[in-house]
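Number of protein chains: 2
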Amino acid sequence: MSERLVIVGGDAAGMAAASQARRLRSADEMEIVAFERSRFTSYSACGIPYWVGGDVLERDALIARNPEEHRARAIDLRMRTEVIELDIDARRVRAKELESGVETWLSYDKLVLATGARPIRPELPGIDADGVHGVQTLDDGQALLDTLDRTEGKRAVVVGAGYIGVEMAEALINRGYEVTMVHRGAQPMSTLDPDMGALVAVAMRGMGIEIVCEAEVVEIRADDSGRVRAVVTTSAEYPADVVVLGIGVKPETTLARAAGLPLGEHGGLLTDLAMRVRGYADIWAGGDCVEVLDLVSGRERHIALGTHANKHGQIIGTGIGGGYATFPGVVGTAVSKVCDLEVARTGLGEKEAAAAGLQFVVVTIESTSRSGYYPGTAPMTVKMIAERRTGRLLGVQIVGRDGAAKRVDIAAVAITAGMTVEQMTALDLGYAPPFSPVWDPVLVAARKATSAVQARG
Amino acid sequence: MSERLVIVGGDAAGMAAASQARRLRSADEMEIVAFERSRFTSYSACGIPYWVGGDVLERDALIARNPEEHRARAIDLRMRTEVIELDIDARRVRAKELESGVETWLSYDKLVLATGARPIRPELPGIDADGVHGVQTLDDGQALLDTLDRTEGKRAVVVGAGYIGVEMAEALINRGYEVTMVHRGAQPMSTLDPDMGALVAVAMRGMGIEIVCEAEVVEIRADDSGRVRAVVTTSAEYPADVVVLGIGVKPETTLARAAGLPLGEHGGLLTDLAMRVRGYADIWAGGDCVEVLDLVSGRERHIALGTHANKHGQIIGTGIGGGYATFPGVVGTAVSKVCDLEVARTGLGEKEAAAAGLQFVVVTIESTSRSGYYPGTAPMTVKMIAERRTGRLLGVQIVGRDGAAKRVDIAAVAITAGMTVEQMTALDLGYAPPFSPVWDPVLVAARKATSAVQARG
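As given, the protein sequences belong to chains A and B, one line each in that order.
Quick note on numbering: my numbering labels position 172 of the first sequence as 172, and the sequence is numbered without any gaps.
Quick note on numbering: my numbering labels position 120 of the second sequence as 577, and the sequence is numbered without any gaps.
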């Protein structure tokens, strides 16, 4: 007899799970029903800043697979339909067709929760003014583009200075806006240590982006017609023709919470290594709605990132289809760029390492992306954190230009493998003048970190 | 009492050893004498193609540290002085000043052999014709540039299709030459498997470079004035106004051989992990004159590469200075480019793996350097070799454009760490649309290789 798989959420994790389950189980063996409340499936939210900025011309370029393509693979995909209740005991979900308002119960044998994340939207006076935009969904992106098209003024304020914030700053610069970035932190990119964030701030200011640090937004001011006019902090007011909110996201786990499923301290679903919700043999969860194990700190984190969501979906679909795969965890790798500035991090920063109970040494080195004599060589700063005594690599942060960001992968693999910085000094990394100095910057940092570990004892 | 360190060879390995020893031991504690037969120290031979091609404007840009800079750090550097005999029993070397012909014996307490490599120069009729050039030393590079400056014809023939060969093809294309590359192999870049080499051939031919494979050069033909006119193979004749020899190099171990020091099957000195010549407690060797352990095959190889030479020097100097460091071996990483084509490899190719007694699966995937929708995304082919049953990563080869080559570092670290391809599928690599598709090409290859390992059994 055929069993039924129900998937809640039709973006990366949910549809990757559906596709992989379908690869392993035919339509005769398994019915797959997927619910998606929006009008889009399997799209790249990470690509929205580049669409807004004009690097990507068409919205549909961000869609990896549309509903018709999923349906062609025998996935019963129900768009504009929101699951509004989970009945775990009875193994069924209640779904509401958003256009008609019709509600139906559907039973499942296996359930996947891939409900994603929702943007943090502070409850500020004026937050709903015209011209205030999030950039979480394709509809958000389109709404922002519509605003940009019909707005004459060229002053943009970005609230928040994380990845989305800096990427949106680039997008707006590319569209000819004067950009002011207002945020709470001491430096932009709070996923970096402040000393590295300071390098990002210097570079961004050099691009003409105004950065206002340690600022608490208290109001969004609108004009009489309801259009945004300014962003107000405790100490100043920043004129704005458009405001972009890039404050971050939270796991969307309203349904799961109501159903009593286990949530972590960040509000995300907790799963086992096979991405099954802890304590539930027939419910899986993945993507932006779950917490993931940080392999360095040994604690759960919430990281909303398409690459993890796709891996989760792949692993969930494999498990549901009768195969075997696990998600061991993350090391917290992230890369980003602002115009030609590249920023990357992996592992733990100083504050995170200390919070995890680790003692460590820290070194920072300056090097270049290519041999010093090769055209286009660009400076690069690499910060490396290694455990005291053992010398185990704990984290790396890189700020540079062309060729800087993806070098962090070397460290990501080394951390995953539990390498010491001394072992790293012997790594056989690719060398040729167009690609690296004879000592790759990561090796230079590893050498200095090795000395620091020895000196500290 | 002060001891004396004698170093034979003043390029990367020798002078890195001298510098590091000097950092750890003052001039009062240790006298350091270094002999170099050429006019240059510490230069980047790897940079010569870019100097010839015009990307690097000045010869001196390739010199990391000149003789005066070394002398300023209390290193007694004797230029244009060649060591012509080692007397191991009496712990002394015989050195000849090349200008004056004066010979002197100098005793040592510790000896470093860093005699480098010499280019393979086939004994062909006409090989000494004007306009036939190697590109091993700065003098070679200058001689070639002089020829290019005074030659009117624009037909260049490159003999050999390894790294130097393809880099010189790029250099000559950049200088407006019609380039023909003549070599013995079935495909250029014999350090790649033939299927990957074929991709390089297609791309190079697309750049207008003529590639003649499986060709045995039998003669260099000169005109009456002794100037090169053509390169002759067993089956054809290729007109040439200039000929560049890029056939490869051999360890320069004439002195070591005469002194009875242990050499490996490739003619390089054999050392222990601390880079001491095997069986000799007071003689170290490093750089292009030694063989290195290939960590994947478990056998010695000869790899002439500046990055290894610098590491060797660092380790030798540390040991001589009373510290502790080892060189565990290499995984055979190499990166190169021809115009905008990037080529990389690490670990073993199919033939090498088979020769090492390994059984394995092979997969090849096509992906892109960035998200498919991001501007400048370029195709990339990744070939991955994994051990049968264990799934241990054995090798990776990459051919692509911007962003392809240095991705091989991910695999270099994974091989060093003994990772399986299945473990690699969970690697937390940097993802953002300007830097990678949501599945990095290396992850795509690892996924396919994991399936292949499972299927093969």
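Treat each hint with caution, since some may be false.
Derived lysine to any residue pairs resembling SDA-like cross-links, with alpha carbons at most 25 Å apart [to be verified]:
| # | chain 1 | residue 1 | chain 2 | residue 2 |
| --- | --- | --- | --- | --- |
| 1 | B | 611 | B | 682 |
| 2 | A | 448 | B | 682 |
| 3 | A | 448 | B | 531 |
| 4 | A | 351 | A | 274 |
| 5 | A | 96 | A | 119 |
| 6 | B | 905 | A | 322 |
| 7 | A | 448 | B | 484 |
| 8 | B | 905 | A | 19 |
| 9 | B | 905 | A | 328 |
| 10 | A | 448 | B | 783 |
| 11 | B | 707 | B | 586 |
| 12 | B | 905 | A | 379 |
| 13 | A | 250 | B | 883 |
| 14 | A | 448 | B | 481 |
| 15 | B | 905 | A | 351 |
| 16 | B | 905 | A | 25 |
| 17 | A | 448 | B | 520 |
| 18 | A | 448 | B | 778 |
| 19 | B | 808 | B | 845 |
| 20 | B | 905 | A | 69 |
| 21 | A | 448 | B | 780 |
| 22 | A | 448 | B | 756 |
| 23 | A | 448 | A | 423 |
| 24 | B | 905 | B | 585 |
| 25 | B | 553 | B | 586 |
| 26 | A | 448 | B | 736 |
| 27 | A | 448 | B | 655 |
| 28 | A | 448 | A | 390 |
| 29 | A | 448 | B | 883 |
| 30 | B | 905 | A | 73 |
| 31 | B | 905 | A | 210 |
| 32 | B | 905 | A | 444 |
| 33 | A | 448 | B | 586 |
| 34 | A | 448 | B | 781 |
| 35 | B | 905 | A | 321 |
| 36 | A | 351 | A | 190 |
So these bits of chain B aren't anywhere near chain A, every CB distance computed over 12 Å [said to hold, decoys possible]:
| # | residue |
| --- | --- |
| 37 | 555 |
| 38 | 556 |
| 39 | 560 |
| 40 | 660 |
Calculated directly from the structure, the hints in this document are not laboratory data.
For glycine and all other residues, C-beta sits at the position ideal for the given N, C-alpha and C.
Okay, the hints, checked on the actual structure:
1. Between residue 611 of chain B and residue 682 of chain B, the direct Cα distance comes to roughly 19 Å. Compliance with the 25 Å bound is thereby established for this hinted pair.
2. At most 25 Å may separate the alpha-carbon atoms for a hinted pair to count; residue 448 of chain A and residue 682 of chain B exceed this at roughly 57 Å.
3. A distance of roughly 24 Å separates the Cα atoms of residue 448 of chain A and residue 531 of chain B; the hinted pair therefore holds under the 25 Å criterion.
4. Restraint check for residue 351 of chain A and residue 274 of chain A: the C-alpha separation of about 30 Å exceeds 25 Å, so the hint is violated.
5. For the hint linking residue 96 of chain A to residue 119 of chain A, the alpha-carbon distance of about 23 Å falls within 25 Å, and the restraint holds.
6. Our distance criterion of 25 Å between C-alpha atoms is met by residue 905 of chain B and residue 322 of chain A, whose separation comes to about 18 Å.
7. With a C-alpha separation of about 24 Å, the suggested pair residue 448 of chain A and residue 484 of chain B falls inside the 25 Å cut-off, and the hint holds.
8. Of the pairs offered as hints, the one joining residue 905 of chain B and residue 19 of chain A holds, with about 16 Å between alpha carbons and a cut-off of 25 Å not exceeded.
9. A C-alpha spacing of about 19 Å is found between residue 905 of chain B and residue 328 of chain A, which places the hinted pair at or below 25 Å, so the restraint holds.
10. Proximity of residue 448 of chain A to residue 783 of chain B is assessed by CA-CA distance (about 16 Å); at most 25 Å being required, the pair is judged to hold.
11. Between residue 707 of chain B and residue 586 of chain B the alpha-carbon distance is near 22 Å, which keeps this suggested pair within the 25 Å criterion.
12. For a cut-off of 25 Å, the pair hint linking residue 905 of chain B to residue 379 of chain A is broken: about 36 Å separates their Cα positions.
13. Between residue 250 of chain A and residue 883 of chain B the alpha-carbon distance is near 24 Å, which keeps this suggested pair within the 25 Å criterion.
14. Simply put, residue 448 of chain A and residue 481 of chain B have alpha-carbon atoms about 15 Å apart, close enough for the 25 Å limit, and the pair holds.
15. Using a Cα cut-off of 25 Å, the hinted pair residue 905 of chain B and residue 351 of chain A is violated, with the two alpha carbons roughly 38 Å apart.
16. Only pairs whose Cα atoms come within 25 Å are accepted, and residue 905 of chain B paired with residue 25 of chain A is accepted, the gap being roughly 19 Å.
17. For the proposed pair residue 448 of chain A and residue 520 of chain B, the alpha carbon gap of about 24 Å is at most 25 Å, so the pair holds.
18. The suggested pairing of residue 448 of chain A with residue 778 of chain B holds, with an alpha-carbon distance near 18 Å, which does not exceed 25 Å.
19. As the CA atoms of residue 808 of chain B and residue 845 of chain B are separated by approximately 15 Å, the hinted pair is consistent with the 25 Å bound.
20. Straight-line distance between C-alpha atoms of residue 905 of chain B and residue 69 of chain A comes to about 23 Å, which keeps the hinted pair within the 25 Å bound.
21. For the hint linking residue 448 of chain A to residue 780 of chain B, the alpha-carbon distance of about 15 Å falls within 25 Å, and the restraint holds.
22. With a CA separation close to 31 Å, the supplied pair residue 448 of chain A and residue 756 of chain B exceeds the 25 Å bound.
23. Among the hinted pairs, residue 448 of chain A with residue 423 of chain A is consistent with the structure: their alpha-carbon atoms are about 13 Å apart, no more than 25 Å.
24. For a cut-off of 25 Å, the pair hint linking residue 905 of chain B to residue 585 of chain B is broken: about 51 Å separates their Cα positions.
25. With a C-alpha separation of about 29 Å, the suggested pairing of residue 553 of chain B with residue 586 of chain B is violated against the 25 Å cut-off.
26. With a C-alpha separation of about 32 Å, the suggested pair residue 448 of chain A and residue 736 of chain B falls outside the 25 Å cut-off, and the hint is violated.
27. Proposed proximity of residue 448 of chain A and residue 655 of chain B is contradicted: the alpha carbons are some 41 Å apart, above 25 Å.
28. With a CA separation close to 15 Å, the supplied pair residue 448 of chain A and residue 390 of chain A stays within the 25 Å bound.
29. About 29 Å separates the Cα atoms of residue 448 of chain A and residue 883 of chain B, which puts this hinted pair outside 25 Å; it is violated.
30. A threshold of 25 Å between alpha carbons decides the hint, and for residue 905 of chain B with residue 73 of chain A the separation of about 21 Å falls inside it, so the pair holds.
31. Distance hint between residue 905 of chain B and residue 210 of chain A is unfulfilled; the C-alpha atoms sit about 46 Å from each other, more than 25 Å.
32. Note on residue 905 of chain B and residue 444 of chain A: the hinted pairing is violated, with a Cα-Cα distance of about 34 Å set against a maximum of 25 Å.
33. Between residue 448 of chain A and residue 586 of chain B, the direct Cα distance comes to roughly 49 Å. Violation of the 25 Å bound is thereby established for this hinted pair.
34. For the given pair, residue 448 of chain A sits about 15 Å from residue 781 of chain B by alpha-carbon distance, which is consistent with the 25 Å threshold.
35. A threshold of 25 Å between alpha carbons decides the hint, and for residue 905 of chain B with residue 321 of chain A the separation of about 18 Å falls inside it, so the pair holds.
36. The straight-line distance between the Cα atoms of residue 351 of chain A and residue 190 of chain A is roughly 11 Å, inside the 25 Å bound, and the hint therefore holds.
37. No beta-carbon of chain A comes within 12 Å of the beta-carbon of residue 555 of chain B; the shortest separation is about 28 Å.
38. The beta carbon of residue 556 of chain B sits about 29 Å from the closest Cβ of chain A, which is more than 12 Å, so the claim that it is off the interface holds.
39. The beta carbon of residue 560 of chain B is kept farther than 12 Å from every beta carbon of chain A, the shortest such distance being approximately 34 Å.
40. With a least CB separation of 16 Å from chain A, residue 660 of chain B remains clear of the 12 Å interface cut-off, as annotated.
Checked against the numbered hints above, the structure violates hints 2, 4, 12, 15, 22, 24, 25, 26, 27, 29, 31, 32 and 33; every other hint is satisfied.
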